[in-house]
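S.K.: For chain A, the structure is supplied; the task is to place chain B on it using the hints.
2 protein chains.
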Amino acid sequence: MDNNKPYVVGIDIGGTNTVFGVVDARGTILYSGSIKTGKHADVNDYVAELAKGLNAVIEQAGGHDKIKGIGVGAPNGNYFNGCIEFAANLPWKGKIPLAQLISEQVGGIPVSLTNDANAAAIGEMTYGAARGMKDFIMITLGTGVGSGIVIGGNLVYGHDGFAGELGHVIMRRHNGRVCGCGRHGCLEAYTSANGVARTAREYLEIRKDESVLREIDPDAITSKDVYDAAMKGDKIALEIFESTGAMLGEAFADFIAFSSPEAIILFGGLTKAGDLIMNPIKASLEKNILNAFAGKTKLLFSQLKESDAAVLGASALGWEAKEPTV
Amino acid sequence: MDNNKPYVVGIDIGGTNTVFGVVDARGTILYSGSIKTGKHADVNDYVAELAKGLNAVIEQAGGHDKIKGIGVGAPNGNYFNGCIEFAANLPWKGKIPLAQLISEQVGGIPVSLTNDANAAAIGEMTYGAARGMKDFIMITLGTGVGSGIVIGGNLVYGHDGFAGELGHVIMRRHNGRVCGCGRHGCLEAYTSANGVARTAREYLEIRKDESVLREIDPDAITSKDVYDAAMKGDKIALEIFESTGAMLGEAFADFIAFSSPEAIILFGGLTKAGDLIMNPIKASLEKNILNAFAGKTKLLFSQLKESDAAVLGASALGWEAKEPTV
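Chains as they are written, first to last, in the numbering used here: chain A, 72 to 397; chain B, 72 to 397.
These are computed hints drawn from the structure, not numbers from a lab. These numbers were taken from a predicted model, which means no experiment stands behind them. Honestly, I wouldn't trust all of these hints.
Identical copies carry no separate label here, and so any pair may be met within one copy or between two of them.
No farther apart than 25 Å at their CA atoms in a straight line, the calculated lysine to any residue pairs in the SDA-like style are these [claimed, not checked]: (1) 353 <-> 151; (2) 367 <-> 168; (3) 107 <-> 175; (4) 369 <-> 128; (5) 343 <-> 100; (6) 367 <-> 147; (7) 295 <-> 104; (8) 367 <-> 252; (9) 369 <-> 225; (10) 166 <-> 362; (11) 358 <-> 253; (12) 358 <-> 248; (13) 164 <-> 127; (14) 393 <-> 204; (15) 107 <-> 135; (16) 205 <-> 151; (17) 164 <-> 367; (18) 166 <-> 345.
Chain A on its own, in the form it takes in the complex (with noise of 0.2 Å):
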């Protein structure tokens, strides 16, 4: 850490809300905000008033010369080149030099972007439960299924800067469910909380026994309500949650025969199911492992308080940040 420079800010941009803060490097977020993401067409607009928040904490926290650099989590952010690019999610089209509109705004502050499941995993090993580990797996499970690879201790970006899509490995190759990017049998199909939505119609459309969740609009039932299902014991929700364990469970197999990592991490809404979510998962992967790897990989949630971990996430990216390359 630069003495001269204690802070970073991070910025998770969400497709509906952008979240900032100033995070000192014990992971501590001293001043924050937020503004909407959706409400400017232009992103120069977006910018503008994202960069008056920016330097309004960036005041508050003692100045410019403070800030050794500021992160940025975002859909489709390419580390390489500080764009986001051909977001799905977000108003603006085509390439944004993102990382470099924001720098102009705060006095030329370096500016770091990544996507936001690379975030999270810088988050993970700077604040979180990957302290000291050098080779370890962010699995993000959310609306869908996100991944932040980390190898002798750098994340890994590929050659396009768009490497580590493990929810889009292909899980089911026959009659395989359609994914949203538009193939079938995807990992995030079936264990995103969306993915647990759809396999909790799929049971009870198949099923006869009882369940309290058929007293729930099957096209209406989220994660959420199988969730508070199993927490009631009832039978259809536990093994909504055994089979989405154990096809975790079959997929970390494949990811620990790539990389070897000492850890796979898991982050996002889902994890909230704790021991329902862990244990198929542990059970699936010592029946899934290669005999070399077997019980070498620690499985793990993350150790970062949901609310903070999408700003620290982005704000760990600060502490390496450059001025941006377009």
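M.R.: Just chain B, lined up with the frame of chain A:
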């Protein structure tokens, strides 16, 4: 390159032969030799004979002072500790500190050791098709299916030194073939030379159409026979290459989702089939790739001469060899 130490030594330890050579910076094998791997039940006797051969070629090259380092490619070689660990096809059981044993017998020249597929990847990066690449995956299609993964210019060893077992990702989760690893449905069980021979036996049994392969005792069919038949236009043989390539393309799509490499480079006996295997891989990869990665990753054959590749690959490790840590 250190001008005072212009050479490295490569040692390739196979189940049958151990081949070694002095190599210059351009990848030319200047002096070489070989011994039988299985001749000595005691590893110390093996190392003594090997050292005699090594010291002889090193003298030919101008003496020990000319050698920057020695690289060893060996089954189950662990880069981190320089040990061969529980190699099924070698006569020495348990954990053998081979890098150290060799170094002691060649006047303390530093020795680095890794497995054969990793050595092939480093060789390709140093002398072959991957020169200048920082992100690529080497797939060896031989008796088994091995892999060496390079990310950000570094070989991926994982936290335990054994990363890169891409022959053992699961491609068929239901009714998958038994693999040598004891599990079912591994890539290797289908797309290794043995896998191709198994596919031939399956096709010949299930199907009724004519094939020149029917003239061979099914148990004796090799991938070479399938290749020869395909070159004669044999329909079943051609379909075997089609289905083998198709599965490789499926697997590669998943590998690309992991590390987004600039290239996947194929090496080993099966690559002699050329377009027969490459064309179906390409077609299948195009069909299976996640949109964001479409058309970005090159599919290439190794540029190393097969007879030299193992020694060259191992030797490449010698350029960065350091004192072995045990």
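S.K.: Does each hint hold? Answer for all of them.
M.R.: Hint by hint, here is what the structure shows:
Proximity of residue 353 and residue 151 under a CA criterion of 25 Å is satisfied in neither setting, with 35 Å inside one chain copy and 27 Å between copies. For a Cα distance limit of 25 Å, the shortest separation of residue 367 from residue 168 across copies, 21 Å, qualifies, whereas the shortest one inside one copy, 41 Å, does not. Proximity of residue 107 and residue 175 under a CA criterion of 25 Å is satisfied intra-copy only: 21 Å inside one chain copy versus 66 Å between copies. For the identical chains of this complex, residue 369 and residue 128 are neighbours neither inside a copy (38 Å) nor across copies (46 Å), given an alpha-carbon limit of 25 Å.
In this assembly of identical chains, residue 343 and residue 100 lie within 25 Å of each other by CA distance solely inside one copy; the values are 23 Å within and 58 Å between copies. In this homomeric assembly, residue 367 and residue 147 come within 25 Å of each other (Cα to Cα) only across copies, at 16 Å, whereas the closest approach inside a single copy is 32 Å. Proximity of residue 295 and residue 104 under a CA criterion of 25 Å is satisfied in neither setting, with 28 Å inside one chain copy and 66 Å between copies. Taking CA atoms no more than 25 Å apart as the test, residue 367 paired with residue 252 passes between copies only; the shortest distance there is 17 Å, against 33 Å inside one copy.
Taking the closest pair of Cα atoms, residue 369 and residue 225 come within 25 Å of each other both inside a single copy (19 Å) and across two copies (24 Å). Within a single copy, residue 166 and residue 362 get their C-alpha atoms only as close as 45 Å, which misses the 25 Å cut-off; across copies the closest is 16 Å, which meets it. Taking CA atoms no more than 25 Å apart as the test, residue 358 paired with residue 253 passes between copies only; the shortest distance there is 12 Å, against 30 Å inside one copy. Proximity of residue 358 and residue 248 under a CA criterion of 25 Å is satisfied in both settings, with 24 Å inside one chain copy and 17 Å between copies.
Taking the closest pair of Cα atoms, residue 164 and residue 127 never come within 25 Å of each other, the shortest separation being 28 Å inside a single copy and 66 Å across copies. Proximity of residue 393 and residue 204 under a CA criterion of 25 Å is satisfied in both settings, with 23 Å inside one chain copy and 23 Å between copies. Taking the shortest alpha-carbon separations for residue 107 and residue 135, only the intra-copy value of 24 Å comes in at or below 25 Å, while the best inter-copy value is 68 Å. In this homomeric assembly, residue 205 and residue 151 come within 25 Å of each other (Cα to Cα) both inside a single copy, at 21 Å, and across copies, at 14 Å.
In this assembly of identical chains, the alpha carbons of residue 164 and residue 367 lie at most 25 Å apart only when taken from different copies (21 Å versus 44 Å within one copy). Taking identical chains as interchangeable, the C-alpha atoms of residue 166 and residue 345 are never at most 25 Å apart, the minima being 38 Å within one chain and 39 Å between chains.
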